[in-house]
Structures are given as C-alpha cells and as structure tokens.
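K.L.:
Given the structure of chain A, go ahead and fit chains B, C and D onto it with the hints provided.
Protein chains: 4
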Amino acid sequence: MKNQFRGIIPPMITPLVDNNSLDIKGLESIIEHIISGGVHGLFILGTTGEGTNLSYELRYDLIQRVCIQVSKRIPVLVGITDTSLTESIKMAEKAAKYGAEAVVSSPPFYFKLSQSELISYFNDLANRLPLPLFLYNMPEHTKVYFESDTVREIAKNDRVIGLKDSSGNSVYFQTLVHAMKDNLDFSLFVGPDIITAETVLMGGHGGVNGGANMFPKLYVDLYEAAITRDFNRLVPIQEKIRQLWYSIYYVSNSSSCHLTGIKCALSLMGICNDFVASPFRKLNEKNKATVKRYLEALDYKSLM
Amino acid sequence: MKNQFRGIIPPMITPLVDNNSLDIKGLESIIEHIISGGVHGLFILGTTGEGTNLSYELRYDLIQRVCIQVSKRIPVLVGITDTSLTESIKMAEKAAKYGAEAVVSSPPFYFKLSQSELISYFNDLANRLPLPLFLYNMPEHTKVYFESDTVREIAKNDRVIGLKDSSGNSVYFQTLVHAMKDNLDFSLFVGPDIITAETVLMGGHGGVNGGANMFPKLYVDLYEAAITRDFNRLVPIQEKIRQLWYSIYYVSNSSSCHLTGIKCALSLMGICNDFVASPFRKLNEKNKATVKRYLEALDYKSLM
Amino acid sequence: MKNQFRGIIPPMITPLVDNNSLDIKGLESIIEHIISGGVHGLFILGTTGEGTNLSYELRYDLIQRVCIQVSKRIPVLVGITDTSLTESIKMAEKAAKYGAEAVVSSPPFYFKLSQSELISYFNDLANRLPLPLFLYNMPEHTKVYFESDTVREIAKNDRVIGLKDSSGNSVYFQTLVHAMKDNLDFSLFVGPDIITAETVLMGGHGGVNGGANMFPKLYVDLYEAAITRDFNRLVPIQEKIRQLWYSIYYVSNSSSCHLTGIKCALSLMGICNDFVASPFRKLNEKNKATVKRYLEALDYKSLM
Amino acid sequence: MKNQFRGIIPPMITPLVDNNSLDIKGLESIIEHIISGGVHGLFILGTTGEGTNLSYELRYDLIQRVCIQVSKRIPVLVGITDTSLTESIKMAEKAAKYGAEAVVSSPPFYFKLSQSELISYFNDLANRLPLPLFLYNMPEHTKVYFESDTVREIAKNDRVIGLKDSSGNSVYFQTLVHAMKDNLDFSLFVGPDIITAETVLMGGHGGVNGGANMFPKLYVDLYEAAITRDFNRLVPIQEKIRQLWYSIYYVSNSSSCHLTGIKCALSLMGICNDFVASPFRKLNEKNKATVKRYLEALDYKSLM
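Residue numbers (the numbering used here), protein chains in the order written: chain A, 82 to 385; chain B, 82 to 385; chain C, 82 to 385; chain D, 82 to 385.
Next up, chain A with everything else stripped away, as it sits in the complex (with noise of 0.2 Å):
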C-alpha cells in the first residue's frame, strides 16, 4: 500500500546565516512556526530550500535537525534532486537514517532528458532508493516536462507515489489527472500557491506552496475551504494569496525573486535569518523596505 499524501506540504526555506552555516535557531523557529499552522508535511532541499545550491554536508546536517525537531509530528519529505544518480541515493540514504517519509525528485537538470531517459532513470533511481519516491516537474529548470504517459509508466513502480507540478501549466495538471484517474493513491501536487485551490478544486490533492513558510494556517485553510468546496471561505482567502503572490514575489527581478521575498519576509516577522546562498543574495535595504509595505499591507499579523 502507497503513502497517501494530502494537503498543505510547505517547502521550507533553509535558514543560513552564511553560505555554510545554518541559522540553528532560526531553523528551529521556523519549524515550530509551520507545524504550528497545522500543515500535513514538510519538504525540505526543494527550490525554495536552496536544495541545489548548498553544500552536501550542510544538507546532510539539515536532514538530521529537521528530522529530530519534527520528531514524526508530520511526515518529512527530502529533496534529492541531483545530476549524480550516486549522489542522489547517497542522500536518499541519510533521509532514511533519520527518519524521512519520502523523498523528491526532478530529472538529473544538466542535461535535457528525453521521456524514455526519464522512465528508465526514474526505475533505477526508484528501485535503489530506501523511501517512496515524489516525482518533481519543475521544466523551468530541468528543461523537460514530465509527460503524462511518462508518468503512467513511471508510477507503475510502486515506489513511486507521487508528483509535484511547479510548472504552472494546468493544461498539463489535468491531463496528469486524466493520466492518474485509475490510481488514486497516486498523490498530485501543484507548487505555485495562486493555482493550489483550483487544482485542488478540479482534482488535485494539495499544495506544496512556497508562501506556507510564513503564513501556515492561511494555506490550510485554503485547502480545507477548496476540498469542501466552500467558495465562501475560500474567495477571500484566495484574494489574500494573489495579493501576496503579486507583491512579496516579485521584488526583485532575479530567478529568485520568490526565495528572497520570502526569507526578507520571515526576517522581518521575526522568524529567521533572510541570508541567501550562492549564486543569489539577500534584498537589500530598499527592497526590505518595500517588502516590509507589502507585509502591512497584507494585514500580515492576522494571518499568523
């Protein structure tokens, strides 16, 4: 039987106060702050958890911490995407010591796949690996969608009990949902937080929502109001998450304008460090500045 996952699985930030060093109580804070809003998972080494861009010793460290201070609250979900299937299933293995749920995983991104390299890949990778395994469409940066036959074929492997869809396309989501009808344990998620409720709507099974890092309960309550498809409750919540969506995101004009709205977010609420690894950087001040007017203007505190 397959892990079913449901809900609001926030892809946490990870909380830096250099390049290789953890923010040890801002990562505590945060966690806390999460669980606090009555998420369903954590998912930590995503996009917005610099998973690629930190060292593999620091991501080793976080796994553990993340995985001692949840303490099996919630299920844990670890981000192995990798060009090096070797080192993919390295970290897949120090998931499992710890205490991990599941893994996640893009297409090793270097290269461009074609399907048949991304159904054989994901065999081996699924076979080798010591937790079920989340596939990860993210084309922005792997080049290459995951077809929806692609997937069919992939999640004939029972290891595999899931997918994740950052890439906004909701053509694309429903033919998944048309692809996946005959498997309903097969969980699919979106990743943008603006298309979380009609996905979940129209046969999506939750939200791994960048935004959940600061505001928890407000992506809960998206969910519950779009799975009971109580439009009451759920419009003026969805207005909230497109107001967000359009200020705190766009900030800054670099690819990662998200990540850094967010941690110059949490910052200023309190909750951790805004430091930002390499290749990317903090806002500045300006940008604090105007992220700080967003904040407000979002009535921010009675989103908490």
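Don't take each hint at face value.
Same chains, same names: a pair is fine if it fits in one copy or spans any two.
Unchecked claim - Here are the simulated DSS-like cross-link-like pairs (lysine-lysine), alpha carbons at most 30 Å apart as the crow flies:
hint : residue 1 : residue 2
1    : Lys106    : Lys171
2    : Lys363    : Lys224
3    : Lys262    : Lys382
4    : Lys382    : Lys153
5    : Lys224    : Lys171
6    : Lys171    : Lys193
7    : Lys367    : Lys262
8    : Lys363    : Lys237
9    : Lys363    : Lys373
10   : Lys321    : Lys382
11   : Lys193    : Lys321
12   : Lys262    : Lys373
13   : Lys153    : Lys178
14   : Lys298    : Lys369
15   : Lys237    : Lys262
16   : Lys224    : Lys193
17   : Lys193    : Lys367
18   : Lys298    : Lys373
19   : Lys178    : Lys106
20   : Lys237    : Lys367
21   : Lys321    : Lys237
22   : Lys193    : Lys373
23   : Lys193    : Lys369
These are computed hints drawn from the structure, not numbers from a lab.
Note that the structure is a prediction, hence the values are computed from the model and not measured.
P.N.:
Then chains B, C and D, alone, in the frame of chain A:
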C-alpha cells in the same frame, strides 16, 4: 459602457474544400450546429480558424458569409491578428461593415515585441479600429506574453474590452484576475477547453474552446455548471472533456493536431469537410479511423 | 541550369515616410548608393526590409519601383515570406511580372512547422512559383530550423537554388556545407555581417548583410578578401565590421535594434528617412546622437 | 602574468566500467593516446567528461589519477561546474593539490542567472580558487550566455584567464573577440569541432574538441593549418571533420549523442570501455554497428 462577454464563444474552424475555397454548405451547417448548442458568441479567424493561413480574399468572404448567416442571433468576433497594422485595420473594417461585434488580435508575431512595444502597438491599433478589441495572449505562436501590468495599461483604453488567454498557464491567468480586479467590465477568457472550468470557478468569464465546434452544448453545460458551482454536474462533464482532450486532440504529432482532430471529427459527424489549408494537411485514413474510435468511446451522439 | 548567386546581396531597408507611404526619393538614393558599392544583387522585403510589417499594396508598389530603377543592373530578389501560401504566390507573381530574378521565403511563421511539413510546404511552393526560390533560415522569428537533411530533400527540386542562414549558428552552417557538398549550384549565404568572412573562408558563397545598406563597398571588399584568402586585407575590414556590429546595431533594446540602427545611420548620412513601420519606432533623439558618435568613431566617410 | 592557452585541449571522456568505477586501464590508454597526438592540454570533467553525472568521490579519484599519469607533460584543466559554490571550491582544491594547471566552470545551472548575478558569482569564485579559472559558456545546459560585456567585467579579475564557448554561435564568438581585443592574454576557445577552424582563422585561440579523444593528431593538424592559414592543408582536414561530425555524433537521438558516439568509437578502436553513466546509456549493438561503418568510411586508421 463596455461590451461584456461571458460564457462559451467557440473559435470556429473554417470549412474548406481547398486552399482558396470555402466549403459553403459545411459553413452553413457548422454555424447552425454551433448556435443550436446555446453558445454566447462566435469567434472566427482565430488559431483554430486557420486565420493566418488563409488568403485575405477568403477571409473577407468568410466574414461576410458568417455575419449574414448568424444574423445577430449571437455576437460575432473576428480575428484580425496580422504582422501589418494596416492589414489588421483593413480586416477590422470588413468586420465592422458586415456587422461583427468585436475584433480579436494577438501581437504581431514575426518579430518578438517588448512589453512597451505591445503597449504602444495596441494603443495605436485600438484607436484606429471601428470595433472594440479583445487581446489574444498566445505566446506559443507570438513568442511573448501580455504581462499583467501591460494588460492593465492597455485596458485603460476603453476600446479594449477583454483578453483571451491561450497559454494554459494558470499562474498567469490568476495574476490577470488580480490585475483586473477593479475593472469588472473587462472580460477574461481562456482558450484550452480543459481548464475552462477551473478558471471560471476562480474568476474567469468563459471559454473560447475548440471542442465547442463539435459539442457546443457540452461546453455551455460546463460553463453553467462552473458559474453556478454545481460540482455534481461539473465533475462528469470535466471528465468527458479530459477524455476528449487526451484523445481527439493528439492524433497527429503536428502543431496542427488540435485543428486537424476537430476537422476530422466534424467530417465524421457529417457537418463539414475536413480539408486543412497549407502548410498543414488533414489527417490520413489511418488517423481518421483512430478519431472515429475516439468519438465512439466518447459516446459522442449523447453529447450533441 | 540553376542561377548561381555569389557575393554580397544587401537586404535593403525600405525607406518610409509613414506606415503606408514609401520615401520615394530616399528609395532612389539608397538603390543608387548600394549599387555604386559594387554589390552582387539586391534583396528586398526581408527582415531588414520590414517585409512582414508592411501592407501588401505598399509591398507591390515597392517591388515595381525597385525593379524599374535597378533595371537589371544587378539581380533583384524579393522576400515572399508569409503565413498564407496563396499570398506568397501572389507576391511572387508580382516579382516575376516586374522583372525580379528570384524570390526568398522563410517558413510560414505563426505555427511552428515540423521538418516533414517544411518539406511538403516548400515543394508545393516551389512548384507554383514563377521564379526560382531561395530558402531563408530564420529560427529566431519562425521557431524552426531547416535541418540539413531537410534542405537536401527540398533542394532536389530544381526550382530551389539556395539558402540564406540568419541563425548565426556556424555549427549549423558547416553541416549545410557538408550536406550540399555534391550540389555545387546550390548557394549558401549568411545573414549576420560579422560571420560573413569566416563562412566564405570555410565554404559559404556570400553575405546578405544589413550593414551593406550603409557601406556596400566595405562588404564587397570583405567578400573579395575572404574569397581570395587575403588576410592582410581581411583582418582590418573584419575589425571595422565587429566595431560597427557592436555599436550601431545595439543602440536600443528592441528586437528591431539592427533595423533601427541602420535606418538612423542612413538618415544621418543623408540617404533616406529613418521612419520605421509599426510595431516599431525609429530611434529617439538621444539614441540618434549615440549613432552619430558611433559613425564618427568608425570614420564612416572613409567607408563610403 | 596570465597563463596563455593555445591550441587543442581535448575534453577527455571519462572511461567507466559502471556508474561508480573508473575503467583504470582504459584511462591510462586514453591519456597516452591523446598525449601522443601532440595536444596542448587536457580538460577533464567537462560535459564530454560527464562531470556533473559522476559522484564526487569518483571525480576526486579521477583528478588524482589523471594528474599523476600526465605528470606535467601537458597542462591539466579540471571542470568544477556545480550548483554549489562550496562544492566547486572543494573540487578546485583537489585539482590544485594534485597538480592541475587551471579549473573550468560554467554558471551554476539549476536556476537561470542574470548577467549581474554571473558577475558577482564568478568574482566570488575566482577570488576563492587556488588556481586560475576558465569560463565555460554552455547555454544549452545552463540557460544563459556570458554576454560579452559580462566577460569583459569578469575578466578584470586576473584569476580569470579565458573562456570556452560551446554555444556554436559564431556571432557571439566574434563579439567576444571584439570585446577582448585589448586583453591579449585572455584565451578564447570553442567547443564544437566543426567550427574550430573558422574561429581560429578569425581570432580564436583553439579548440576544446570532443573528437580529439579519438583523433588527437587530426585536430592538432587542423589547428596548425588554421593558425598558419594553410588552406591546402586545412580544407581536406575540415572535410574529414565535417564527415565525422555528421556521422559519429548523431547516431542516437539523445542529448548524449556526441558523448555516446565518441565512447563507442573509442571502444571499437580498442582504447577504453564504452560504458556511459546514468542518466544515459551506451549505444546499443545496432548503433554500435553503425559507428563501426562510419569509422571505416572515415578510413579511421589513417587518422590515428
């Protein structure tokens, strides 16, 4: 006061017997077929209408014939997308002369335009048009999105009454809903059939759906179920539409696959010729047999 | 026997006073200016000629005026790129009627075509044309390359006499040289000025270079130095062309930057008007001053 | 004073017996084979070296073994491209420890970086490295070009000694030649074999050519013929290289086709194993037979 469009506005295919000749009888049939489904408008000379692939003489002839036959029973919208401003305006003048309600335009699509070029181009265009203008976001073909700030800027011009988004990108669509939230007269439609339901549930105004050439009533039902949030009705319709999308639209590998699938189905349904203009070709006999099987799997007579 | 083209064939800009009016006097000036440089042909209505952006009436008028004035002193090639086969053929018929030597066509560019669609389209087209055909590879605007096997296939048709490659991709160009090595009548030209020398050194037949609007003799010299492998002559010319490329062609950020830079320079040189057709705009006064400085840095009078 | 590199620096394939084991004997063979061709350096752990696909342990082991065996006969350059600055530096420290001459790095490639992010990243990196740095432009895999102004800016740092361009875009390469014309110590190399000749003729300094794994002497001859502008010698060599490119490099459809073609040929030549690391697979028996035929058509023994 702006014209408000809501509901299902099929992007009509153009029935042809060869590159330069309309299928006159087929044209009458499809117009009556579509209107009988209860649709809210008719859009000719769009992407599904092969607008850019047809000679201007044929386009002018089509506008006249369609307007005469529709005879104001529903509004007619005319695609005027062109690389030349002068030719776009000329097409719009024909549309106005024969009684169309509005025109629809993508950006000029040979060169890739910047956002500021989009703003100045569409201002120029709107001011010279005899009819109100719908923007048509089609980045696959035009290489550029109308960013949401650009739409807000262009929409300051009262002649611009809405936008049809065929990107399939629901993150983008939600940012449009947010950007236009104080301009309730501005209509936001989507192209891809398979996401009409979710966008209508989350703030959109309707669909310009190719499948409504075949099954206009099905799409009107979809829209009504979505706008009234009647999920008991909506869920099985959406399943039909996913099935249709995943079958009839992908019989060939060509970028014309939606179009050739629809024309083939219409021909099998006895409505019009399946000829497709250069540079494309209609489906071959083997593919035609596949479409026949798909139609039967859909129990298509129940959908008409 | 095929027409063999060799040397420099400038892609002439189209002198305009507004969107719908030729700059008649400027047109005469630029034709004489270009011919006086000793070029080997003249290509009108290409990308630099704003072909797709102009009304058909204006294009027909231009073909007639150019052919009359050139009066067979050098061959005239006419761009017939269109999204509609019928309009392409109609344009070619005008070209033949007024005395042009050949026509030039990119793929239809609204939809992205497959390689097999390119083959059948260009076979169709070539067979219906009254003049020989040059292929025009312009993937930035048409979304597709003519792959080398496709070129070999299309070139089996005797009506197809050459290819102009504007991709800037020299790996591609060398595969074309290889693919066509047994078809010595087939002409292979490049678009970008800055790589004309190296392609001529390594098997190409000439350049369709925008800069030859300004300095036709400089480009003829470049070609001659390259074809005779005279590096003492070639190196300083190539340095001038690098300097020109790096300055005049990038004064604005628009995708029209080459075009607007050239028209601005021609206007400063007293040759013709710098009006640019919609959707673009000519350079503003500040940018015009920059072009002026660049021309002086090039010691442009020495190049005329 | 900067290190000046000139000539042919083969991007060595990594001989493997499985994902985690070097083909030790094959490694010795290929190093001696390459050095015997008279090349000017050896680049390991690049794209052709499957750098990103290998475990770090294996990479460290490879660096040590290569440096020991080469034993300063020619300079060794080590690829340190990574998504994590810390891991890049660690790799560079291994390279320095074992006696390599320089390191080579593409941009971090999970996120797409902006030009200003490239500048600050490579400054950071260069300042922390124990060895001089070559930039590696590989937009197909990293999604971004080093624009020529960016290169000029980064090259102000004395630790940055050159750039290898694998884009195939000769327009870009010529703009680099122009941008760096006053910095004659800065080395400009190209990756694609088929354009090494023309870039050397027009200002480049050499080639990092995959084919030199198989036929090092052929590429050294190519370089010498180009640098001395000896066309009698150059033309037939370039024809061989076009033939090789068009055959051995495109036996499969995968993005690994160059790599798998080269490894297959080397195995047929008795030099090393053809195993290819995950996510790719070596050519199958049918494709292997094709490579054999291609080698014979090239009269490959005459090239060794």
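K.L.:
All the hints need checking, so say for each whether the structure fits it.
P.N.:
Results for each hint:
1. For a Cα distance limit of 30 Å, the shortest separation of Lys106 from Lys171 qualifies both inside one copy, at 27 Å, and across copies, at 27 Å.
2. For the homomeric pair Lys363 and Lys224, the shortest alpha-carbon distances inside one copy (26 Å) and between copies (22 Å) are both at most 30 Å.
3. With identical chains, the CA atoms of Lys262 and Lys382 are at most 30 Å apart between copies only, with a shortest distance of 24 Å across copies and 40 Å within one.
4. Taking the closest pair of Cα atoms, Lys382 and Lys153 come within 30 Å of each other only inside a single copy of the chain (28 Å); across copies the shortest separation is 54 Å, beyond that limit.
5. In this assembly of identical chains, Lys224 and Lys171 lie within 30 Å of each other by CA distance both inside one copy and across copies; the values are 24 Å within and 27 Å between.
6. Taking the closest pair of Cα atoms, Lys171 and Lys193 come within 30 Å of each other both inside a single copy (23 Å) and across two copies (26 Å).
7. In this assembly of identical chains, the alpha carbons of Lys367 and Lys262 lie at most 30 Å apart only when taken from different copies (28 Å versus 48 Å within one copy).
8. In the homo-oligomer, the alpha carbons of Lys363 and Lys237 lie at most 30 Å apart only across protomers (25 Å), although the nearest pairing inside one protomer, at 42 Å, exceeds that limit.
9. When the C-alpha separation of Lys363 and Lys373 is checked against a cutoff of 30 Å, the pair qualifies only within one copy, where the shortest distance is 14 Å, while the shortest distance between copies is 41 Å.
10. Taking the closest pair of Cα atoms, Lys321 and Lys382 come within 30 Å of each other only inside a single copy of the chain (13 Å); across copies the shortest separation is 44 Å, beyond that limit.
11. When the C-alpha separation of Lys193 and Lys321 is checked against a cutoff of 30 Å, the pair qualifies only between copies, where the shortest distance is 29 Å, while the shortest distance within a copy is 37 Å.
12. For the homomeric pair Lys262 and Lys373, the shortest alpha-carbon distance between copies (23 Å) is at most 30 Å, but the shortest distance inside one copy (44 Å) is not.
13. Proximity of Lys153 to Lys178 under the C-alpha cut-off of 30 Å is restricted to the intra-copy arrangement: shortest distance 13 Å within a copy versus 44 Å between copies.
14. Taking the closest pair of Cα atoms, Lys298 and Lys369 come within 30 Å of each other only inside a single copy of the chain (24 Å); across copies the shortest separation is 52 Å, beyond that limit.
15. Taking the shortest alpha-carbon separations for Lys237 and Lys262, only the intra-copy value of 13 Å comes in at or below 30 Å, while the best inter-copy value is 44 Å.
16. Taking identical chains as interchangeable, the C-alpha atoms of Lys224 and Lys193 lie at most 30 Å apart whether they share a chain (6 Å) or sit on different chains (11 Å).
17. Taking the shortest alpha-carbon separations for Lys193 and Lys367, only the inter-copy value of 24 Å comes in at or below 30 Å, while the best intra-copy value is 38 Å.
18. In this homomeric assembly, Lys298 and Lys373 come within 30 Å of each other (Cα to Cα) only inside a single copy, at 20 Å, whereas the closest approach across copies is 50 Å.
19. In this assembly of identical chains, Lys178 and Lys106 lie within 30 Å of each other by CA distance solely inside one copy; the values are 23 Å within and 37 Å between copies.
20. In this homomeric assembly, Lys237 and Lys367 come within 30 Å of each other (Cα to Cα) only across copies, at 29 Å, whereas the closest approach inside a single copy is 51 Å.
21. In this homomeric assembly, Lys321 and Lys237 come within 30 Å of each other (Cα to Cα) only across copies, at 25 Å, whereas the closest approach inside a single copy is 39 Å.
22. Within a single copy, Lys193 and Lys373 get their C-alpha atoms only as close as 39 Å, which misses the 30 Å cut-off; across copies the closest is 27 Å, which meets it.
23. In the homo-oligomer, the alpha carbons of Lys193 and Lys369 lie at most 30 Å apart only across protomers (23 Å), although the nearest pairing inside one protomer, at 36 Å, exceeds that limit.
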